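Using the sequences and the accompanying hints, generate a full structural model.
In order, the protein sequence lines correspond to chains A and B. FYI, the working numbering numbers position 81 of the first sequence as 81, with every residue one higher than the one before it. FYI, the working numbering numbers position 320 of the second sequence as 774, with every residue one higher than the one before it.
Be careful, since some hints might not be right.
Unchecked claim - Distance condition first, Cα-Cα at most 27 Å in a straight line; then the derived DSS-like pairs of lysine-lysine:
| hint | chain 1 | residue 1 | chain 2 | residue 2 |
| --- | --- | --- | --- | --- |
| 1 | B | Lys-497 | B | Lys-507 |
| 2 | B | Lys-492 | A | Lys-182 |
| 3 | B | Lys-497 | A | Lys-38 |
| 4 | A | Lys-43 | B | Lys-636 |
| 5 | B | Lys-713 | B | Lys-844 |
As the list claims (entries may be wrong) - The calculated label-pair distances, taken between Cβ atoms and stated as ranges, are:
| hint | chain 1 | residue 1 | chain 2 | residue 2 | range |
| --- | --- | --- | --- | --- | --- |
| 6 | A | Gly-200 | B | Val-831 | 57 to 67 Å |
| 7 | B | Asn-790 | A | Gly-200 | 23 to 33 Å |
| 8 | B | Glu-649 | A | Glu-201 | 24 to 34 Å |
| 9 | B | Asn-790 | A | Asn-197 | 34 to 44 Å |
| 10 | A | Gly-429 | B | Glu-655 | 46 to 56 Å |
| 11 | B | Pro-775 | A | Asp-181 | 26 to 36 Å |
| 12 | B | Asp-785 | A | Lys-215 | 44 to 54 Å |
Just so you know, these hints were derived from the structure itself, not from any lab. None of the values given here were measured: they were computed from a predicted structure. Beta carbons: idealized from backbone N, C-alpha and C, even for Gly.
As a plain string of letters, each chain reads:
2 protein chains.
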Amino acid sequence: MGTNHGQRQLHLGAFIFGVGHHIAAWRYPLTDTGGLLKLDFYKRFAQTAERGKFDLVFIEDIPVLPEPLNRAVQYTLPVRAEPLTLLSALASVTKKIGLVGTVSTTYSEPFHVARKFASLDHLSGGRAGWNAVTTSMENTAKNFGRDHHLDHSLRYERAKEFVDVVTALWDSWEEGALVIDKATGQFADPDKVHEINHVGEHFSVRGPLNVHRSKQGRPVVVQAGSSTTGQAFAAQTAEVVFTAWQTLEEAQNFYTSLKSQLPAYGRSPDELKILPGVLPFIGATEEEAKAKEAEFQNLVLPAVGLGMVQNILRVDLSGYPLDGPLPELPDATEINGGKSRYQLLLDMARREQLTIRQLIHRVTGARGHRTIAGTPVQIADQLEEWFVNKACDGFNIMPPYLPGGLDEFVDLVIPELQRRGLFRSEYTGTTLRDHLGLAEPANRFAQRSATSVH
Amino acid sequence: MGTNHGQRQLHLGAFIFGVGHHIAAWRYPLTDTGGLLKLDFYKRFAQTAERGKFDLVFIEDIPVLPEPLNRAVQYTLPVRAEPLTLLSALASVTKKIGLVGTVSTTYSEPFHVARKFASLDHLSGGRAGWNAVTTSMENTAKNFGRDHHLDHSLRYERAKEFVDVVTALWDSWEEGALVIDKATGQFADPDKVHEINHVGEHFSVRGPLNVHRSKQGRPVVVQAGSSTTGQAFAAQTAEVVFTAWQTLEEAQNFYTSLKSQLPAYGRSPDELKILPGVLPFIGATEEEAKAKEAEFQNLVLPAVGLGMVQNILRVDLSGYPLDGPLPELPDATEINGGKSRYQLLLDMARREQLTIRQLIHRVTGARGHRTIAGTPVQIADQLEEWFVNKACDGFNIMPPYLPGGLDEFVDLVIPELQRRGLFRSEYTGTTLRDHLGLAEPANRFAQRSATSVH
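See the structure below:
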């Protein structure tokens with residue numbers, strides 16, 4: 001093992017979610033619930049991930065409480081720090097690790113988003129990444145002055161234009177625009193600072209940004225949608241894609257499909273890294289790991305698990321026996337948003353002939369992502385299998401509880417991956433682009449750029 | 455000195471602006487221009503302010519480059535980090551000092567603003583404050599998809615509703631709503647978590663927020679407008695007001711006027727602290743301080759200074775002699791926004807019979823705020839005079855250059871204020887409300903609160 005893949009190296013994200021990814025994480029005895037929204041808790045997370053030489057920490061977001069409100073508040077942990085606020089706080093207590101956060105394109109202004117990430121990119125020395133998502137929860141609209149949620153395809157149109165405006169604003173100050181000549185009093189070169197004058201269907205933005213270009217050129221653009229529309233969007237604009245797959249074959253198909261779409265946009269397949277999520281239960285033996293997984297499942301109140309499945313499948317399952325199969329459900333094309341997660345669950349239930357109860361267990365653990373319960377060697381085997389067989393470029397690691405879940409991965413699994421030559425033992429660069437092996441995209445306004453796009 | 459004002463203590467803010475407040479700060483030989491948008495530069499600022507026991511650091515903001523663009527870029531330092539990003543980074547490297555940032559109500563969504571400041575309030579352990587401003591620069595609209603800027607009175611209507619929504623969201627989780635009972639699986643008490651169901655002229659927001667109540671209850675609300683409309687807004691909702699006055703009498707009038715308006719809203723005058731801005735040039739002798747001020751003025755390119763005055767007065771002065779008086783100008787009531795700064799300049803020019811050149815020098819230094827050039831004792835004398843004579847509750851200190859300008863104030867003026875019994879020698883609390891002596895506002899949704907407002 002470890003020699004048949006040459007120099008290709010895994011890319012790893014450390015995914016912060018509440019006090020751990022498992023829906024019952026907060027009930028687990030070793031989970032530090034006192035750390036919720038406390039700086040020291042997240043600082044420990046980011047510093048541990050940096051000790052493990054992860055490429056990045058990743059923070060997801062939904063700007064609304066889950067539905068139904070009473071159940072979300074009573075039985076689950078629904079509060080979360082706003083990602084950019086948290087990442088900025090972590091920029092001060094880390095040195096190398098990338099800082100990637102989710103901000104929806106559905107309810108924000110491109111100028112604000114461009115500016116915040118550009119500011120984080122400066123303050124962190126070139127370590128920022130933006131996970132540009134569309135927001136699919138119907139009730140989010142009610143927190144933003146709209147009665148009706150945007151339709152799925154309209155959300156993607158808006159997202160595409162949004163990302164175009166944000167990246168144009170990031171390009172609005174060329175490399176080398178700052179002069180800062182104290183003697184003559186020239187601060188910058190106006191010929192290298194550009195209005196973007198964007199006028200589109202959803203936005204009109206003049207620019208330029210009031211933040212100059214950063215050390216890594218501009219923040220890394222990340223996306224998370226895996227539907228057909230989501231893939232086309234990612235192929236055109238994303239540099240990293242987070243995704244969720246249960247089987248090697250599904251993941252390989254997605255990997256091949258998405259990478260093959262890049263050349264149509266003048267991009268090389270290497271310019272986009274695909275990182276599926278993985279939730280690891282780590283044990284000294286396989287039995288210990290499986291027992292740990294079972295212990296978490298036993299902490300899930302039945303109504304909570306059923307609610308999560310119902311939210312994804314948008315169906316009332318209360319009339320069906322927990323130990324029977326799912327009822328017939330429509331195809332993903334007929335629903336508005338969350339399409340890939342919906343289809344993933346449906347496919348998984350059909351393929352493995354899962355009962356509703358079994359499906360609940362899958363969803364409450366990793367919300368549709370892959371769960372691996374095993375020894376550090378077994379986990380490394382499974383990660384290597386996907387990586388070597390071109391199912392991914394790395395993984396987004398989703399510790400089931402915190403802080404111990406990440407500690408175990410860093411102390412036990414990372415050394416095994418390093419021993420196999422699959423993962424770095426030290427950072428070789430300082431920016432997120434360095435870690436991911438991503439070049440700085442050409443600046444569309446640079447006059448001497450050979451690949452100028454505008 | 456120092457005994458005739460009992461226990462009343464100064465409140466001090468340390469105001470970050472570029473690499474110093476003077477428009478030519480970046481050209482001053484001792485200014486660290488290499489620190490621009492670098493974490494270490496701001497970290498040093500915040501840690502120095504904390505060493506000086508300041509109540510808070512304060513960051514202003516304008517989400518647009520000044521006009522005209524070419525001049526702003528070529529001759530001034532127009533880039534700046536987004537305030538919340540910067541404050542969050544500073545939360546990790548400070549322990550006690552308050553963190554106050556400007557976010558405009560004109561181009562933002564209340565849910566995002568409530569959530570970001572609530573997140574900062576948690577991560578900083580109760581040290582966040584929001585400077586809720588309206589945005590008056592015409593061209594800002596063009597960065598946010600609107601051709602026309604909102605009219606002054608409409609901006610204030612929107613601002614008032616905006617602050618109401620934000621504070622309601624901060625109240626949406628009552629104190630004690632979190633239960634976190636691992637044994638029973640109850641996370642929170644749904645009876646203490648409230649939809650706000652706001653439906654108004656400008657916003658419709660359901661809530662609740664997805665961040666629970668913080669250690670200081672909620673962030674401190676700060677405002678900066680001093681026009682008649684601005685005062686009425688502040689009297690109703692602000693807990694701190696930043697303002698700009700040149701003379702003791704003007705400042706006393708404003709102080710008396712604003713404080714007298716609080717009882718009409720059921721508030722005590724002590725529930726709002728008034729902090730005028732002061733730009734100090736500090737010297738071992740008065741001559742040295744005046745020479746330092748002159749050195750800065752000599753670094754201002756004439757076109758830059760004239761441009762700043764023209765931007766505030768909205769008039770083309772290029773046809774008038776620099777050593778002659780201002781032409782006749784309309785009253786502030788006839789202009790749209792920036793009214794108080796406009797009137798301040800006009801009053802100052804008339805009162806002191808300033809030439810255009812003299813007015814330029816006033817504006818380029820402190821942008822209309824008070825400048826004091828003198829020894830540490832002289833500066834302390836002048837601050838004490840205003841404080842003792844009820845012209846203010848403290849000051850927002852605007853160092854002309856960084857990092858030295860703040861170092862000097864902390865090393866030379868703060869000890870003098872402490873010696874006089876005017877300023878703390880140690881923090882006695884941990885939250886921004888503690889430092890400012892502000893009680894936690896009653897929660898409008900708390901059922902057992904004696905002062906519930908809804």
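Structure-based check of each hint:
1. Between B/Lys-497 and B/Lys-507 the CA atoms are separated by roughly 15 Å; this keeps the pair inside 27 Å, and the hint holds.
2. Distance restraint check for B/Lys-492 and A/Lys-182: the Cα-Cα separation of roughly 19 Å lies within the 27 Å cut-off, and the hinted pair is therefore satisfied.
3. Straight-line distance between C-alpha atoms of B/Lys-497 and A/Lys-38 comes to about 20 Å, which keeps the hinted pair within the 27 Å bound.
4. Restraint check for A/Lys-43 and B/Lys-636: satisfied, since their Cα atoms lie roughly 24 Å apart, inside the 27 Å limit.
5. A threshold of 27 Å between alpha carbons decides the hint, and for B/Lys-713 with B/Lys-844 the separation of about 11 Å falls inside it, so the pair holds.
6. About 60 Å separates the C-beta atoms of A/Gly-200 and B/Val-831, a value consistent with the hinted range of 57 to 67 Å.
7. In this structure, B/Asn-790 and A/Gly-200 meet the distance hint of 23 to 33 Å, their C-beta atoms being roughly 28 Å apart.
8. For B/Glu-649 and A/Glu-201, the Cβ-Cβ distance of about 33 Å falls inside the hinted range of 24 to 34 Å, so the restraint holds.
9. Range check, B/Asn-790 to A/Asn-197: about 24 Å between beta-carbon atoms, so the 34 to 44 Å window is missed.
10. Between A/Gly-429 and B/Glu-655 the Cβ separation comes to about 51 Å, which falls inside the hinted range of 46 to 56 Å.
11. At about 30 Å, the beta-carbon gap between B/Pro-775 and A/Asp-181 stays in the expected band of 26 to 36 Å.
12. The beta-carbon spacing between B/Asp-785 and A/Lys-215, approximately 49 Å, falls within the hinted interval of 44 to 54 Å.
Hint 9 from the earlier list is the only one contradicted by this structure; the remaining hints agree with it.
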